[in-house]
Amino acid sequence: MEAKLVTPRRRQEWPSGWRLAATAALVLALAAVVALVATWRPAMAPVTPPPPSSFDRSEIARGAGLAHLGYCAVCHSAPGGAAFAGGLDLKTPFGDVYSTNITPDAETGIGRWSQPAFVRAMRQGVARNGAHLYPAFPYDHFSEASEGDLRALYAFLMTRVPVRAPPHTNHLIPPLGFRPLLAGWKLLFLRPRPVEADSRRSAEWNRGRYLVESLSHCGGCHAPRNALGAEERAHGLTGGWSEGWYAPPLDATSPAARVWTVERMDAYLRTGLSLSHAAAAGPMGPVTRELSAAPPGDVHAIAVYVSSLMAGAPASRAETPGQDRAAAAAKAYPQGAVLFAGACAGCHGPGAPMMLEGRPALSLGTPLYEDGPRDTLQIMLRGLNKPVGRAGPYMPPFSDSFSDAQLAEIGAYLRARYTDRAPWPGELTREAAKARKEGAS
Amino acid sequence: MTTLIVNGVRQTVDADPATPLLYVLRNDLELNAAKFGCGLGQCGACTVLVDGQPVFSCLLPLAAVANRPVRTVEGLGSPDRLSPVQAAFEAEQAAQCGYCIPGMMMRAQALLERTTRPTEAELRTHMSVNLCRCGTHMRILRAVRRAAVVMGGGVQNATEPVSTLAAPPERSA
Chain R
19 MEAKLVTPRR RQEWPSGWRL AATAALVLAL AAVVALVATW RPAMAPVTPP PPSSFDRSEI
79 ARGAGLAHLG YCAVCHSAPG GAAFAGGLDL KTPFGDVYST NITPDAETGI GRWSQPAFVR
139 AMRQGVARNG AHLYPAFPYD HFSEASEGDL RALYAFLMTR VPVRAPPHTN HLIPPLGFRP
199 LLAGWKLLFL RPRPVEADSR RSAEWNRGRY LVESLSHCGG CHAPRNALGA EERAHGLTGG
259 WSEGWYAPPL DATSPAARVW TVERMDAYLR TGLSLSHAAA AGPMGPVTRE LSAAPPGDVH
319 AIAVYVSSLM AGAPASRAET PGQDRAAAAA KAYPQGAVLF AGACAGCHGP GAPMMLEGRP
379 ALSLGTPLYE DGPRDTLQIM LRGLNKPVGR AGPYMPPFSD SFSDAQLAEI GAYLRARYTD
439 RAPWPGELTR EAAKARKEGA S
Chain A
3 MTTLIVNGVR QTVDADPATP LLYVLRNDLE LNAAKFGCGL GQCGACTVLV DGQPVFSCLL
63 PLAAVANRPV RTVEGLGSPD RLSPVQAAFE AEQAAQCGYC IPGMMMRAQA LLERTTRPTE
123 AELRTHMSVN LCRCGTHMRI LRAVRRAAVV MGGGVQNATE PVSTLAAPPE RSA
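Protein chains in written order, with our numbering: chain R, 19 to 459; chain A, 3 to 175.
If you are wondering where the hints come from, they were derived from the structure by calculation, not from laboratory data.
Quick caveat, the model's predicted, so the values are computed rather than measured.
Any given hint might turn out to be false.
[What the hints assert, rightly or not] Cβ pair distances, simulated, as ranges:
no.	chain 1	residue 1	chain 2	residue 2	range
1	A	Leu133	R	Ala149	44 to 54 angstroms
2	A	Met3	R	Ala440	35 to 45 angstroms
3	A	Leu133	R	Lys109	27 to 37 angstroms
[To be verified] So these bits of chain A aren't anywhere near chain R, every CB distance computed over 12 angstroms:
no.	residue
4	Pro22
5	Leu23
6	Lys37
7	Pro81
8	Arg83
9	Ser85
10	Met129
11	Met153
12	Ala160
13	Glu162
[Stated by the list, open to error] Just so you have them, the derived chain A footprint on chain R, three or more residues with Cβ under 8 angstroms:
no.	region
14	170–178
15	363–374
Beta carbons: idealized from backbone N, C-alpha and C, even for Gly.
Assemble the whole structure, with the sequences as input and the hints as a guide.
Printed below as a string of structure tokens:
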């Protein structure tokens with residue numbers, strides 16, 4: 019019998035392309051498992067809703083003041099809805115996110131949240147059941163609030179009237195509805211850094227800085243955001259966008275024509291009107307309404323801090339004198355002059371009742387001095403809120419009265435008449451159309 | 003000379019382009035329903051419809067109107083043929099001094115052309131822009147709810163049941 023050299027049967031080999039694909043798939047699957055494990059947060063056990071009598075009254079009162087300083091009710095209440103019951107549609111570049119019910123309702127609110135669960139939500143953006151929360155809820159700021167303040171807020175919220183209001187469904191661009199992705203966002207961008215006191219500054223200044231950085235989250239509007247919606251906090255309050263409005267810089271690049279002294283800033287924050295500037299516009303309306311109910315000492319502290327940030331601004335060196343170059347502006351923008359005479363002069367013109375009442379001239383307000391026309395256009399489109407706590411005229415909206423081209427004419431006329439700045443660059447009619455679209459509620 | 007379309011009719015007026023539409027309607031066209039209440043866009047007595055939207059005609063310069071259709075109370079109907087809103091305001095006797103009423107009617111007309119079934123909350127928010135000093139607000143709201151029923155769907159969550167029983171009184175020819 020011949021001895022055959024028998025080649026051992028070779029293991030079935032896959033083609034190299036298939037092997038690469040299989041390895042990649044395995045690596046991806048392992049990575050996904052690791053990611054899901056890393057992003058998973060435990061649910062915290064639900065508790066029996068604590069009775070309001072179990073909370074210390076002074077802590078509740080402190081929490082009420084902090085809730086005003088953080089304007090919780092502004093986002094967590096829908097128009098016409100109950101306070102803190104949620105349901106407000108926050109339009110973000112990533113889709114619509116609805117605010118949640120933070121009344122102590124056991125089924126639809128936070129009634130079954132323990133205090134540690136609440137603190138974790140505020141600090142890390144994780145709900146009681148372990149779900150990640152969208153950073154439309156500014157936990158990147160609230161993470162810097164003190165434990166004591168968060169406990170006081172918990173006491174306040176858990177003693178509100180429970181309201182049954184089931185959550186709305188968010189409408190986000192896919193796949194952003196998949197909440198574990200937020201863990202990746204947090205890994206990249208959530209950097210809790212407790213606000214440390216600056217010993218060279220007064221206690222009041224430090225209190226203001228603590229509030230601005232944490233609960234009052236000014237940077238949420240007044241700082242720029244990157245493409246993934248994370249606030250760029252490294253350079254401070256250099257200006258940002260919110261709900262179609264431009265929130266101007268609150269630092270040395272402030273375009274304001276008048277200096278923001280502590281007194282002026284304090285008056286503005288508490289009443290929604292600075293007689294040396296203008297009325298609070300757009301999203302600042304609800305902010306100043308809330309701050310008008312906050313502890314005055316804390317609002318003053320914020321004014322001390324924010325005005326100090328703008329100490330290097332041009333207005334601090336020399337305030338721009340008020341202008342009224344009516345003839346030159348009418349020559350450059352005759353249609354704007356006609357429209358102003360018929361629509362605006364009744365309140366804003368010299369000798370108008372509102373001006374005799376002491377309201378600031380248009381040459382004082384910051385919007386006309388900003389680099390772009392957005393805020394001027396939005397004010398014309400939407401009108402203004404009434405100042406807090408005083409009867410008086412309010413500016414009605416003109417969105418139905420004027421076309422985009424007419425708004426552009428008036429805007430250019432105002433810039434020429436009331437400021438010493440060059441005309442705004444760009445196509446103003448297109449800017450008006452953008453403002454109309456982006457500020458629509 | 004400026005041309006504008008008022009209640010479906012093309013009109014030509016000789017007025018300064020900055021003149022607010024309210025004065026043009028009353029002085030040049032003798033359409034006196036719209037009233038001067040404040041001249042500051044605060045009270046709504048001057049409310050008319052421009053391109054279907056309610057606006058303060060005291061703050062709308064003639065130059066801004068262009069060819070956007072303007073509608074006033076006179077264009078809603080006539081004494082012999084009242085529109086649903088007019089008939090409802092009459093049936094509910096919603097006027098006391100009557101000064102705010104034309105503005106109220108035009109504001110209501112805008113709402114009911116936009117939606118046939120407003121909610122009570124929408125109705126109140128929409129009408130809250132116009133002021134009434136006599137205090138006939140409840141009758142005005144009843145009138146708008148009645149008009150909503152006649153024009154289509156009625157008001158959702160109405161705080162009062164809507165009456166459509168009492169017919170307007172017979173008018174002599």
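Checked against the structure, which of the hints given earlier come out wrong?
Checked against the structure, the hints that fail are numbers 4, 5, 14, while the rest are satisfied.
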